[in-house]
Every structure is written in structure tokens, then in C-alpha cells.
Amino acid sequence: MSTASSESKNCEFSIIILGNTGSGKSYLCNALIGHKQFKSGFQVEAVPTETNCAPVMMESNSITMYDTPGLVEAIQQQIDRNQKEITEAFRKCPKSVVLFVWTHTSECVHNDDVIAFKALNDAYNFPVKSLIFVVNNVPQRRPVDYEDAFFTTLSYMLEPMPVSRNDIIFIDSMEPWEKERIQEAREKLLISISCHHAELQKQYVPINLQSGDLEYVRKLLESQRLDAEKDWKAFQKQIQAKQNTTKKHSPIAYLDPEYSFQIILIDISKHLNALSSCILKTLLKLTNYSILIYNDLKFSDFNGLPKKSTLLFISSEFALSMENNKPDYVKAIFILENDQNKVDHRERFATGEDLMCQLADELYRCYKKEANDFLICGNSSMASIKEKQANRIHSELQQVHQEYFSNYITTKVSICTTTTLLWLRSKLQNDADVEKVKNIFQGIISNFFEFDSALKYSDYDNTVVADFQQLLNVKGVYHCWLSDKTNINNYGDLCLQLTCDLIAYYTKLGDDCSAKQDAKTARDMFMKANELCKILGEL
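Offset between the sequence shown (1-based) and the numbering used here: plus 98.
It is worth saying that the hints were derived from the structure and are not from the lab.
Values in this document were obtained by computation on a predicted structure and should not be read as measured data.
Every residue gets a Cβ at the ideal spot worked out from N, C-alpha and C, and that includes glycine.
Do not take every clue at face value.
Heads up, simulated BS3-like pairs for lysine-lysine below, C-alpha to C-alpha not over 30 angstroms straight-line [claimed, not checked]:
#: 1; residue 1: K405; residue 2: K383
#: 2; residue 1: K368; residue 2: K429
#: 3; residue 1: K182; residue 2: K193
#: 4; residue 1: K396; residue 2: K424
#: 5; residue 1: K405; residue 2: K467
#: 6; residue 1: K406; residue 2: K440
#: 7; residue 1: K182; residue 2: K227
#: 8; residue 1: K379; residue 2: K486
#: 9; residue 1: K618; residue 2: K536
#: 10; residue 1: K632; residue 2: K573
#: 11; residue 1: K383; residue 2: K424
#: 12; residue 1: K573; residue 2: K534
#: 13; residue 1: K536; residue 2: K632
#: 14; residue 1: K614; residue 2: K632
#: 15; residue 1: K406; residue 2: K424
#: 16; residue 1: K614; residue 2: K573
#: 17; residue 1: K573; residue 2: K536
#: 18; residue 1: K466; residue 2: K405
#: 19; residue 1: K379; residue 2: K277
#: 20; residue 1: K368; residue 2: K396
#: 21; residue 1: K300; residue 2: K182
#: 22; residue 1: K606; residue 2: K534
#: 23; residue 1: K368; residue 2: K424
#: 24; residue 1: K406; residue 2: K368
#: 25; residue 1: K216; residue 2: K193
#: 26; residue 1: K227; residue 2: K193
Distance ranges between label pairs, derived from CB positions [as the list claims (entries may be wrong)]:
#: 27; residue 1: Y502; residue 2: E636; range: 42 to 50 angstroms
#: 28; residue 1: V575; residue 2: E533; range: 17 to 25 angstroms
#: 29; residue 1: S375; residue 2: C514; range: 22 to 30 angstroms
#: 30; residue 1: N439; residue 2: Q500; range: 31 to 39 angstroms
#: 31; residue 1: D178; residue 2: K277; range: 37 to 45 angstroms
Start from the sequences, fold in the hints, and give me the full structure.
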């Protein structure tokens, strides 16, 4: 057995992780300690053959965690070796919380995991308050009843041992670069560990597992599992009856779909802009992609959906098709409305962004309600998890907004270097003055356009100037040849003012292009500013 520097001879209590090879024990150990220390994976060199340990920080305490080798092997010599390693881990620190890791399979419960757990439990008779079941590497997109199916099947196969749904944790499959999701899994595990009690794990009999018996036991367990599936509904009632005491004091019935919720989007995705699409992607991630999305305007198969409390987010076109076809389990409908006169910002919303923000608010309320329900029934571990899920909703959306608008300003909006001079000419202005201005700035400004006034009075009034000044892309308005002191009264003043403003403008464009590392465009802008300085000296 390898040791860690933090391991103490007088161990107060520890975390001992059990399970078969390939269940992902080492991966969970790395998640718990917060960095990669144990080899994990399905390579031969990653399979542990001895018990490893490392310190885990829980609040301000350092607790030793033991990663034990898998029990079930093809060769008896390997089984015997692993038995000794596991026994030694319990001998070193008998007072512990035990995590048994179950391998995810399409059949819910892996037969070899049942064999390993029964052999270990026969030897130690693990106290229920110290035992946690972890189902590892579960696909994010899994059947809605997967967790209930696993619980029911496991209860059947471990009879007469009582199994509590509160003591089972499901950990989604994750990639190494998904740091946030790994941190969420770590918090989930630590919360569950803190809600259990370290108990004295006393060995009553030696661990007994014979490789020659494995095939026979596997066939027996497979028969049990098939029987459990055949009698699925009846056994659900049986398990539900076992939990009557809990249900009398709890608003949550784990096998009753009425106590969970689902969110469905129909004909919405194509109406979303870039920002609202980012919001939806974030919410999908936060809910482990459990939000159902249908893009078919002709969707009508409500009977094929789970009969859960449902929140619908739909387009106004789809709303017309289901006016008289609302299922009873749909608790609320939120509509992306085309008719602005019908928008009320409660049930009908004008934009995709408003609708996605409403979706975030509804998710927050659902998670808060679940947290409160778990707290009432005494499951503080799940209550804490749901509370954290709720609190992450708005903090994540705030980050989405900040990142989106930051990217929009710095990368999405390119620097426009096109400069246009518009001359609105009244009937009293002569062509010679206009041509002089045009010739001075030829080759520097990008475009020069002239417009003749259709009006018969001598000039454009102040309302026209004010209208232009409202436009974001208008950098300057020059009101010429009027007697008012605030206006430019002659041709020379106009050229002087316009030249100075263009020098400042092209210099700023050069600085902006340099900041974006566009050296060629920056050089062009500075060259134009330099040419204007020469013109200024000649005026």
C-alpha cells in the first residue's frame, strides 16, 4: 500500500473508495482532491493494483482518502491480492465513510459490481449511515427515468439490504477540460460525504470471492435483473411502500413524476439572435441538457412526453395550433409574440432575449422549490445541491452578458475607416466653393456627395442640423454662410475647421487599428493625418 505524507498512524476517520476496475474510482479520487494524482482510464497501466491514498480538504480539515483496487478479477491470485489491499485500508483507518462506485452500463446495474459489493458487504456489513453509492460516468443525455430505474433495480438485486435513494449520487460523464463540471461533481461528492457519518467498519468474516464461481453467479444475477425488469411497475410500488414513512413527512416522492419538472421549447430556436442563443446554450449546460427542444412547427406528440409538470416556451404561431389542445400537466405557457400589441412581459414576450430571461427565472424558481422540498424532508445534501444550482443561474447569465458585449465591442464590431463628406447645398451657394472643398480633400476622404435643396428658401434650418447630429455615424455637422455667431461664416473657416477635425479623426483611427494589431490600416490612417497636416499649413 502506498502512503501519503498526510497519512497519520492515529487516523481519526477516512474516505475509502471501493468498486471494480473500470468504474472510474481513480477519476473520482482526482476530482475529490482537486488535481490529477491517480492514474485513471481503461489502459492497463492505469489499473491500480495497490491501495493509494491522498489528503482531501473538507472545509478546514484534511481527511485521508483511500483508492482501492477493483475486487473482481479473472485470476484468483489477483483477487486475493486485491482482497489484502482492501483489508489493509480498513485496518489502517477502520472509522470511515465508504463510497462504492457503480459502473454505468446500458443494463443499469452491472452484475460484477453486485458481486463485488455483496462480497465486501458480507465481510463488513457496512453501517447504512456511512455508505454512499456513486454511479459514475452517466451520459448527460439519459432517459428521464434512468435514475429511478437504477434505484429500483439495485434495490431488487441487493435485497434484503435496504437501499435509500438519498444515498445514491449520479455523476455525469465529463471531459478533462470541463473544469466547471468537474468542480460541480466534486462539490456534489463532498456535500454527500459531509452528510454521512464515519462509522467503525468492523470485519466480521474474511472477504470471500472465488474466480471459479463468477460465471455461475453472473448468470444468477442476470436472471434476477431480467425478473426485475419484467416486474418493473409492481416493484416500483413495492419500493414506494418501503418508503411510506419518509413520504408521510416529505413532499417529494421519487417515483412520482409529478414531483419533477420538465421544460420544453417548441419553434423557438430559429427566432433567437446571437445573445439569446448564448443564453439558451448556457441554460442547457446548467441543466445537463435536460431542456427538450423541438423545431418542428407541426409538433403535436404531447402524449409521447413524460407526464411531468411542464413549462412550455413556444412561438405565437405554434400557440395558435394548440389553443384547444393543452395537456393537463402543462402548468405554464410562455410565448414569443409577433403581435406587439399582445406583449405583456408576463406570458407573452417581444424578443428572444426576454423569453430566455423568463426561462432562466423559471428554472431558478423550480430549483429553489426543489431545494425547499428536500430541506423539509431532511435531505440537506440534496437541498444544498439544488440551492447551488439555483444560485448559479443568474450569475452565469451575468457572465454571458459581460462576455458577449465585451466580444461585440472588441471583435464583432470592426473599425470602419470609410469617411464620407456630404454637402447639402442651398440655391445661394455657388459651384466654385463646392469644387474647392472637393479638390482639397480628394484622395483623403473616401466619398464626396452633393445634394441640392428642393426647397426655395436660402438655407437649411437648425432642425435639419439637429436631425443629423442625432445619428451615431455622423462625426461633425458644419452649418455654413449664416450670420449667426455659432456658425461658420466663410469658406476659409470651413476648410480650417474641417481639416483640424479630420486630422484628429484619422489619428484616432490609426491608434484604434494599432490596438487591434492591424499595422497596415493604422499606417494608412496616420499617412492621411500627415497629409492633412500639410494641407493645414497651406490654408
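### Message
To test your reading of the hints: which numbers does this structure violate?
### Response
none
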